[in-house]
Amino acid sequence: VTIQYPEVKTPLSPRFRGKLALMRYDNGEERCIACNLCSAVCPAQAITIESTEREDGTRRTTKFEIDAFKCIYCGFCEQACPVDSIIETNVFEYHMSENNQRIQTKEMLLKTGDDYREVALKNRKKDAKYQ
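Be aware that the sequence shown starts at 1, since it is given in the UniProt record's numbering, and climbs by one per residue.
Calculated from the structure, these hints are not laboratory results. Check before you lean on any hint, since a few could be wrong.
[Stated by the list, open to error] Heads up, simulated DSSO-like pairs for lysine-lysine below, C-alpha to C-alpha not over 27 Å straight-line: (1) Lys125 x Lys63; (2) Lys122 x Lys111; (3) Lys111 x Lys125.
With the sequences and hints as input, model every part of the structure.
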């Protein structure tokens, strides 16, 4: 059966691995604790993290970047994250018109997480019984 894309879209699995995003806690604080596990596990070496220690002794990122040209959307970063900070959304329709746009900054990733928070939570709930 031929689907008339983009007018008609097929349903996506809750496990679909699309554009990456950074999540926040309900109080608005970013989840990332700068443990660097996502960067270490990334087979494409697409994640760059720099961090600083706060006064209370916790670490937070000062720089979190993903090179979209290197990322292979394998999901290892999402699986490695101990605080569910980095997720893969169901977004696959996006583009970059210039080479420098391939670097997704912390601010861009947090905005994607904010924009798709409800969808991501709904998909996790759907998928929970299979994990």
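To see whether the hints hold, each was checked on the structure:
1. Lys125 x Lys63: 30 Å, violated
2. Lys122 x Lys111: 18 Å, holds
3. Lys111 x Lys125: Status holds; Cα separation ~22 Å.
The structure fails to meet hint 1 from the earlier list, while all remaining hints are met.
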